[in-house]
Amino acid sequence: MRSARRFLFPVLLAFLSGVYFSSCNKPDGPVLPGKPGEGQVPSAPLPSGDGPHLPSVPYDYVQTVQQMPAYLSAYLAHTPGVDNTPVDNPITNTGATLGRVLFYDKHLSVNDRISCGSCHHADKAFTDGMKFSTGFDGRSTRRNAMSTVNLRFFMEKAMFWDMRAGHLEVQTLMPVVDPVEMGMSGLRALEVKLGQLSYYPPLFQAAFGSPEVTEERMRRALSQFLRSIVSFRSKYDEGLENGFVDFNAAELRGKRIVGGMHCGECHSDLWYVGNRKEAPFLPAQIRG
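The working numbering puts the first residue of the sequence shown at 14, with every later residue one more than the last.
Any given hint might turn out to be false.
[Claimed, not checked] With a straight-line Cα cutoff of 20 angstroms, these simulated DMTMM-like cross-link-like pairs (lysine to aspartate or glutamate) come out:
1) K248 to D136
2) K119 to D101
3) K206 to D125
4) K119 to D191
5) K144 to D191
6) K119 to E254
7) K119 to D96
8) K248 to E225
9) K206 to E229
10) K206 to E225
11) K248 to D259
12) K206 to E228
13) K119 to D141
14) K206 to D150
15) K206 to D191
16) K144 to D175
17) K144 to D125
18) K119 to E228
19) K248 to E228
[What the hints assert, rightly or not] Restraint-style ranges between C-beta atoms, simulated for each label pair:
20) R269 to S211: 28 to 38 angstroms
21) K206 to V183: 19 to 29 angstroms
22) G267 to R152: 32 to 42 angstroms
23) D175 to C276: 16 to 26 angstroms
Hints listed in this document are in silico derivations from the structure and should not be mistaken for laboratory results. Built from N, CA and C at the ideal position, the CB exists for glycine as well.
Generate the whole structure from the sequences, applying the supplied hints.
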């Protein structure tokens, strides 16, 4: 029911404004250090290099998250437990920026061919539109890539189709060591690999106050970035706010069918958050 073309995600805007990787290894100037959550990213885009090209003005994830529509903010304020953001890992601009770089970096795979973004495309609602995704060596995954939209509103907290990850911070690096998906032999190997890339220590410095590349910090940064991906400007989201006055007859009929056929058991929206353990089609319990 949702149209991916009408989604307006913080990450999509940031990605389109200049986040990409190229072939050399040196960023243009340092990332200024700072306390956790208070660091600064470079004041100008990085040139050609084996690293991220960041926008000249750092994207403000915190402000974007705080400026959700009134109906959504009110719902979250009056419905405890919907937002699964842990107290010790709130979204910060530097943390989410680091998470975004990690998300799109193919160095997280054993042969530098696959990133998280390879299977979660912004223009496909952060899926890849395929029955099964393709791993680092060309083999197909066991399941299709689930959407990463609205992960912060997943009340169950447990992630993946079989719910094997207790919460988002646990889930984020499991694909990295999966033998089909990204193929790394272990997370210590990933720490060493990323620590040797010149652009990561400054980004970790800005996000966490020191340049060490650690598993825990990678988990926290990726989780911040993923929780920043929130849908609130699709036609369906706008309908939640205005009573679906812009839906045509066919769309309203489809909405009634979805509601009447128990499709919401797996495809849900914020108005009907449940506590079911069945593996959902979309990872957030967002019915609609």
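*Return the numbers of the hints above that this structure violates; sort them in rising order.*
Structure breaks hints 2, 6, 7, 8, 17, 19 and 20.
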